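**Student:** Put the two chains together into one complex, using the hints given.
Heads up: the protein sequence lines correspond to chains A and B, in order. When you line the first sequence up against my numbering, it's residues 258 to 538, in that order. When you line the second sequence up against my numbering, it's residues -16 to 288, in that order.
The hints are all genuine.
Quick list of in silico lysine-lysine cross-link-like pairs, DSSO-like style, CA-CA up to 27 Å:
#1 B:K136 x A:K312
#2 B:K222 x A:K388
#3 B:K94 x A:K525
#4 A:K262 x B:K94
Everything labelled a hint here was simulated from the structure, so no lab data went into it. Keep in mind the model is a prediction, meaning the values are calculated, not measured.
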Amino acid sequence: MKHRKRKRIIKLVFVNLVLILVCVLTFVPILYAFSVSVNEQNSLLSSDFSFIPKKMTFENYRKVFTEEPVIMWFQNSLFLAVSTVVISLGTGIPAAYIFSRRKFPGRNMILQLLILLYAFPSLLSMTALYKLLSPMGLINTKMGLIIVYTGTMAVFALWNMKGYFDTIPVEIEEAAMIDGASPIRIVQKIVLPLAKPTVAVTAMMVLIYVWNEYIFAINFMTGEHTYTLAAGLYSLQANETSGSWPVFSAASLMVSVPILIIFFALQKNMASGLTSGGVKG
Amino acid sequence: MKKSDKKPYNQKTGNTIVSYLWSAPSLILICLIVIFPILYTGYISLTNMNVYHWFTYDFIGIENYKEALLVFDSGFLSALVLTVLWTVVNMILQLIIAYLLAGLLNTNGLKLRNFYRTLLIFPWAMPGYVSILLWKTGMFNSQFGLLNQWMEKAGVSPVKWLANDVSAFICCTVVNLWLALPFMITIIDGALQSVDRSYYESALLDGANWMQRTWYITIPAIRPVIAPSVVITIFTTFKQFDVIYLLTQQAGAKTGAHIHTILTYAYENAFITNNYGYSSAVSMIIFLILIVFSYVINIKPKEES
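Just chain B, with the same shape it has in the complex (with noise of 0.2 Å):
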């Protein structure tokens, strides 16, 4: 006879004590260091906690946000706009840079291949910030940075390259692609890879330009394939923290550049200033937009069906 499908009641029970044994190390874990913090950081956006009022704080209710999102001039705003252009120009950038130089990487004939790519994915496995200080350091330091260097041998006086918002941003930029660009470079090169060549056989045939052939065949199929890696990517150049907190506004070493992320203000609001309740109102926020965000792209891992 064959065994029903259905388990004994008692069975079951055991069964799901079990898993839950096996799970609990890690799930008491996450409930202790990720889901009681955030929320608590729902608490203590309720209240007026502070530097002042470390133990001794009052409950204002919804105060917080109301300063957040309804007062302008907190901030808050700004950064949010700042953070959208800073994550849709680095992603353009990212995606048609990575793009065209994975394309040279996948040149027919190119003997140099594998060595090209070692060296351009360098930058991945550096430890990030000690690529971001090098590069404050190195090449934006208005002294002895390289940059200014080679400006002086030009014949033109230094600039302060962190020191005015417009050139920041663009310095945070640069560091951003070369931080980022690796990552992207191996994912649309693996995609191109998989790229069956006999569409481009064809589409040459036909005359088909390098542009056609771009738009018609290459993009739609690694399309689905980078797919989840850019939206990642997109998650992560949303949050970003240690490129802009790095470059400009270390505690005591700002560079005069008032250039802020929702991360970088939500920090500065917290352990520069020590207004917690408002800097935990604003990180509800940027949570929920972070949950809203993933819900619209509806990024679900693959589950077994």
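Isolated chain A, as found in the complex (with noise of 0.2 Å):
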């Protein structure tokens, strides 16, 4: 017996080494790039460099404030985000829901055209995309940008949400409906509070998206000023050399912050509303 617990002890200080290991192995590009930007010698290029930085300094994230218009970038990334999960939502929702709780003519049949379109990946239709924004006067707008991000994830929102919908019972409906509820409030009333969990996570998803999306963002914008914060950041990285390495990284990592903290938060409803299989953040 005292040789079995032993062999355990032995096991488990193993098993904890490992999942050290690999866990700071998973660190290490975040730490030297945080390393990087609070570094106050510029001694990249040497091979001293140590994680631990000599002398601290916040120098670069200063920088990034003021040498780059990251502000702007900021804003233009919070507008596109914030519309397009409000337009998301308020468009998703209803179709959503008559899609979970209406049988009508056509209705399969849309689902099933919905899975094949969630197949297409809409990079492969950007050029398709430009022709039909710029004669609208669409292109280097963020409404051009909003429309296509809305419609880019209308698919999931729509496929997500009704899945959730699906599993919260009718009866309270039906109740509610005979008591002479309209379908407006009954949703309003009884289905939204219900389906927070999938509601929250579609909207994390969707804003998820539009901050990191840049592929559209620096083909159909011109004009730093026109910038969200991941076409800026691209741009920074690839324009210019070892010289801006240290305000890249720290700008990698603020712009990172606000992602962080959502994803942590909400975390816990993931399991639950992510339904229909989802995709990956």
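**Tutor:** Here it is as structure tokens:
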């Protein structure tokens, strides 16, 4: 018995060591970026670089704000993200509710079609989208990007929320309907409070998508002042050489913070809120 | 008297109209931004639209498709082969590593389980493109990348990690694993938690070793649970664009490696060489492959019967 206990302890120590090692390895790129961003001596090129900076500085973070129009990029990103989330939920919730609750001609066909569409990467229709938006004067406008983002996420929003609505029992709604409540009231007062996890996760997925999207942003928008954070960061790394790497890493980490906060705040909802199998963030 | 199930005709039509009214905004958006562009891409694929023929393109039939599928030099077929290889390699590594790590997390008596778990899923929470760019500059850069600093310390001359095909492929795989493992670990970890412990106890009594327990108990038990997520991951891996594009071939910053997945190939033809007709044909072929693929695997999200 004693022997077995000892064996178990050795095993646990070993497991802990392996996991610590894996965690450390996981964090190497992020820690390195962080230490570069706060390191005062620009000792990047020398081989005596150490993870713990000898002298701390926030100069690089200050530079992000003073030398690059980051605040403007942040405002652009925020505006796009919030608009897209609002429109996605505004159009997605009623559609998802109807597809979950009502049977009507064409319903199954549309649902099948949506699965197929989900397989199509929006990147591939970029030329067509450009050709479609440019005669309407929507290229190089925020409106154009919002339309593209909302449309791209619409299939996901509809399917994901419909999947969750399906799991909410209809009995309560039927009772309310007999009491004479209108469908809009039923959705407002009964369905939405019950569907909070999926609405939150859907909103988060849309928000993260917009926050991280760079390829449409750089192709459809020109000019530094129209950039989103993602596009701005992309331009920071692409057109400058070694000198800006500390500034770039500072900017990268700052851009990530809001997403990290949202992700970990909503992490508990992830399992229940993503129904159709969903997508990865 | 019980109300008859059949509603009068008028009410049924009214119901349909109301249903469509409610879903109209969403469906219109999908038609405008998803369906119409796909159809339009199909149309462009039959023309010779490129940077010289942006407005004055001609209809050339299936020439673009012939070029993509029959001319090996065009690069599409080799991109397709590489994409399949990429998907297979990544999925195998992902499943094995995630399984091992999730197994470690589920060791009996591990006190810091949640702590490790939170740390391990951290890369999932980072914005994907930020992580990729940090890897590109922070790790792989030939001057101040960490890998080369370590190489230098070890007395080895620096390596241009992203400059040749094989090492670039390995680098991309490493980054993709870093990005994708958290999701897989979460899924397998959740599945492992649902396995009935009593199976293991009886297996241990029968003297089954770790391999046997894994093969005969764990894998059959978790397979149905993880299957949907694995299928989704196969799709995302197959459609991977960011990792390869950002690491090796951003406009004006090509690193010298020529690894193309079908998506980066389509993108390059559209926005770098501006051969829109051809790129659209490639896009349509990719779409067809994805449709066939999803029918073969038969992923139909569960519907109420």
